[in-house]
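So you can see what is in the structure, the chains are spelled out below.
There are 2 protein chains.
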Amino acid sequence: MSHPNIVSTSTKDRVFDAVKLTGYRINRAARNLRTQRAHSILVLLPDLANPFFSNILEGISRYLSSKGYSMLIASTNQVHTSGELLVDYLDDARADGMIILDGGLDAEVVKSLEKASKAKFILFACEWIEGANFPSVRSENEEGTRKAVKHLHSLGHRKVGHVTGPKNNVLAQARKDAFICELKTLKLELKSQWIISGDFSLAAGCIAAQAWIALDDRPTAVFCASDQLALGFIAELSRHDYNVPYHVSVMGFDDIDFSEQYIPSLTSIRQDRLFLGETAASMLMQRIESPDKDIHDHTAILPVSLVIRESTAPPNLEKC
Amino acid sequence: MSHPNIVSTSTKDRVFDAVKLTGYRINRAARNLRTQRAHSILVLLPDLANPFFSNILEGISRYLSSKGYSMLIASTNQVHTSGELLVDYLDDARADGMIILDGGLDAEVVKSLEKASKAKFILFACEWIEGANFPSVRSENEEGTRKAVKHLHSLGHRKVGHVTGPKNNVLAQARKDAFICELKTLKLELKSQWIISGDFSLAAGCIAAQAWIALDDRPTAVFCASDQLALGFIAELSRHDYNVPYHVSVMGFDDIDFSEQYIPSLTSIRQDRLFLGETAASMLMQRIESPDKDIHDHTAILPVSLVIRESTAPPNLEKC
DNA sequence: CTGAAAGCGCTTACAG
DNA sequence: CTGAAAGCGCTTACAG
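Chains as they are written, first to last, in our numbering: chain A, 1 to 320; chain B, 1 to 320.
Among these hints, one or two may not hold up.
One copy or two, either will do: identical chains are not told apart, so a pair holds if it fits within one copy or between any two.
35 Å max Cα-Cα, derived DSBU-like pairs, lysine-lysine [as the list claims (entries may be wrong)]:
#, residue 1, residue 2
1, Lys20, Lys115
2, Lys111, Lys20
3, Lys12, Lys187
4, Lys120, Lys184
5, Lys167, Lys115
6, Lys111, Lys67
7, Lys12, Lys111
Hint data in this document are derived by calculation from the structure and do not stem from the laboratory.
Given these sequences and hints, build the entire structure.
Below, the structure is given as structure tokens:
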């Protein structure tokens with residue numbers, strides 16, 4: 001049955017008839033043991049409860065199931081708290097490879113992954129580890145940030161602020177650096193208090209809004225490092241009777257589903273998370289299925305696009 | 001190593017020393033083959049991209065990893081489109097059991113699951129199949145609906161509408177039936193056009209809002225079968241310059257993260273999805289680990305609670 | 001092209 | 001309490 005084309009037609013028919021008759025189902029545990037393949041890969045999320053990852057999972061799962069592979073899921077917290085080692089998934093033959101969506105792994109864990117016997121089959125998606133040499137798939141964070149700042153600039157904003165993601169997060173860092181860089185390119189002023197620290201969450205967006213309200217000299221537009229930040233920011237402003245985009249324009253990054261339905265709907269930078277998942281899965285599968293081939297596509301950077309909605313508008317100079 | 005307590009201490013030490021020295025890792029494929037257990041369970045979602053399920057997954061995953069089990073994920077669409085059979089996961093020894101979060105499976109698929117050799121290890125969570133005999137875990141849909149209607153009634157609303165979930169969905173049906181029933185109990189009027197068909201999505205909420213706007217005699221409060229519906233409903237009303245709760249009170253069901261941050265924040269019926277996931281996993285594991293024991297807890301119904309926020313208020317009679 | 005044998009790495013029962 | 005043997009159900013190489 002593994003190689004149906006090398007036997008005669010009559011034998012093939014007899015075999016397939018017998019399969020139907022007896023209801024034979026292959027036993028994957030036996031096959032996995034014999035082939036030394038788990039025929040499954042592990043996807044590691046920072047936090048299973050975060051809906052941001054749903055679409056990426058969908059993309060990964062689609063690709064894997066088309067190749068007959070299963071998708072195992074774990075979250076960083078759990079692996080740590082349960083005392084399991086991440087590298088065990090590879091070493092104990094539970095998974096043939098790993099897609100890691102968490103760039104915030106402990107240095108110690110990263111080290112153990114780097115020297116794992118199956119280190120070649122570890123790939124980062126969305127986030128990545130600065131300094132480590134794992135292949136990765138990510139969005140155009142810099143270009144997306146430039147698009148955001150340019151959009152606000154083209155609306156007439158000259159005082160633009162930024163709410164960052166969590167300190168030490170690679171995405172947050174990349175977006176913040178690109179933000180500062182683009183402001184310089186456009187020769188826009190940047191006061192240090194216009195950069196407000198956050199952490200990608202709704203709650204952090206609320207706190208950032210309070211910081212914005214407390215400023216003497218407020219930016220007329222704010223680029224948030226995630227949509228959730230932006231949504232929380234807008235919500236808190238609204239509670240203090242500030243209107244978006246009338247008093248301040250607000251942008252996010254990600255374009256999650258809710259952004260379109262929020263009031264006001266949110267201008268954002270769209271990442272195609274489904275495609276990101278599919279790309280990650282296909283890159284990893286390529287390595288697993290042809291382990292000897294030298295593969296050159298080490299980092300895939302996927303395009304993002306500006307989605308203009310109601311939360312950004314020309315600055316309302318009289319009010320600011 | 002499977003039974004460390006039946007050997008002498010000295011032997012035990014020698015074994016564990018050797019394990020450390022050689023870096024021995026158990027091969028799970030071999031263990032799975034020998035024990036005839038996959039040590040993993042499959043979670044089937046209707047749609048991986050739907051963030052509603054994230055917290056349930058987190059709950060399931062926590063419980064499973066505490067028992068040394070892995071979590072496999074698939075979505076109904078994919079299983080169908082890839083031509084795989086759902087029942088194969090059980091039959092080919094990939095999974096020891098299944099938690100199904102989709103009550104909308106084809107009758108044919110349900111039938112194949114019912115006569116599966118491992119049918120005892122299939123459990124429904126959140127949704128369920130009317131007429132089938134699988135164990136299930138669900139929230140108090142009826143009681144939650146009663147709490148919602150009572151809340152609106154106690155605010156003074158006498159004309160209460162409902163936006164339903166998808167036709168044929170068990171949750172939608174349960175909530176709609178309970179809604180009609182509670183209105184009768186409270187002796188409230190119910191016009192047939194006050195029940196608006198939806199499908200749990202943001203987009204359906206928008207369409208339902210248009211239907212509400214088009215009514216001659218509008219309900220002063222609307223109970224939506226999901227938070228996403230309610231959020232879409234509010235968004236669309238806002239685009240037509242209707243204010244919630246001033247022109248109409250709106251409630252949801254689920255209490256998803258965004259509901260707290262929406263403008264206005266959403267009054268809802270809270271389901272503890274994390275706990276639901278943990279309960280489902282624990283019920284299933286009990287069956288898997290003691291297959292001979294007769295287990296009586298066939299259906300677990302978990303409590304829900306009313307969360308009052310800004311989207312509901314006393315009716316504004318002059319405006320309606 | 002076909003059939004029988006070996007072996008993947010465990011666990012379990014059994015003999016000593 | 002300890003050690004050696006059998007076997008889970010496949011796949012792969014090998015002999016016919």
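task: Since the copies are identical, ignore which copy is meant and state whether Lys20 and Lys115 lie within 35 Å (CA to CA) inside a copy, between copies, both or neither.
output: Classified as between: cross-chain Cα gap 17 Å, same-chain 46 Å, threshold 35 Å.
| query | Taking 35 Å as the upper bound on the Cα-Cα distance, should Lys167 and Lys115 be classified as within, between, both, or neither? | reply | within (27 Å within a copy, 53 Å between copies)
Review point. When no copy is named, should Lys120 and Lys184 be tagged within, between, both, or neither for a Cα gap of at most 35 Å?
Key: Neither. Shortest intra-copy (40 Å) and inter-copy (65 Å) distances fail the 35 Å Cα cut-off.
Tell me, please, which holds for Lys12 and Lys111 at an alpha-carbon limit of 35 Å: within, between, both or neither?
-> Intra 49 Å, inter 30 Å, cutoff 35 Å: inter-copy only.
Quiz item: Taking 35 Å as the upper bound on the Cα-Cα distance, should Lys111 and Lys67 be classified as within, between, both, or neither?
Solution: both (30 Å within a copy, 27 Å between copies)
Measure nothing new, just compare the shortest in-copy and cross-copy C-alpha distances for Lys111 and Lys20 to 35 Å and report within, between, both or neither. So Lys111 and Lys20 pass the 35 Å test across copies only (18 Å; inside, 49 Å).
Within, between, both or neither, where Lys12 and Lys187 count as close if Cα-Cα is 35 Å or less = Intra 73 Å, inter 70 Å, cutoff 35 Å: neither.
Hint check: violations occur at hints 3 and 4; the rest are consistent with the structure.
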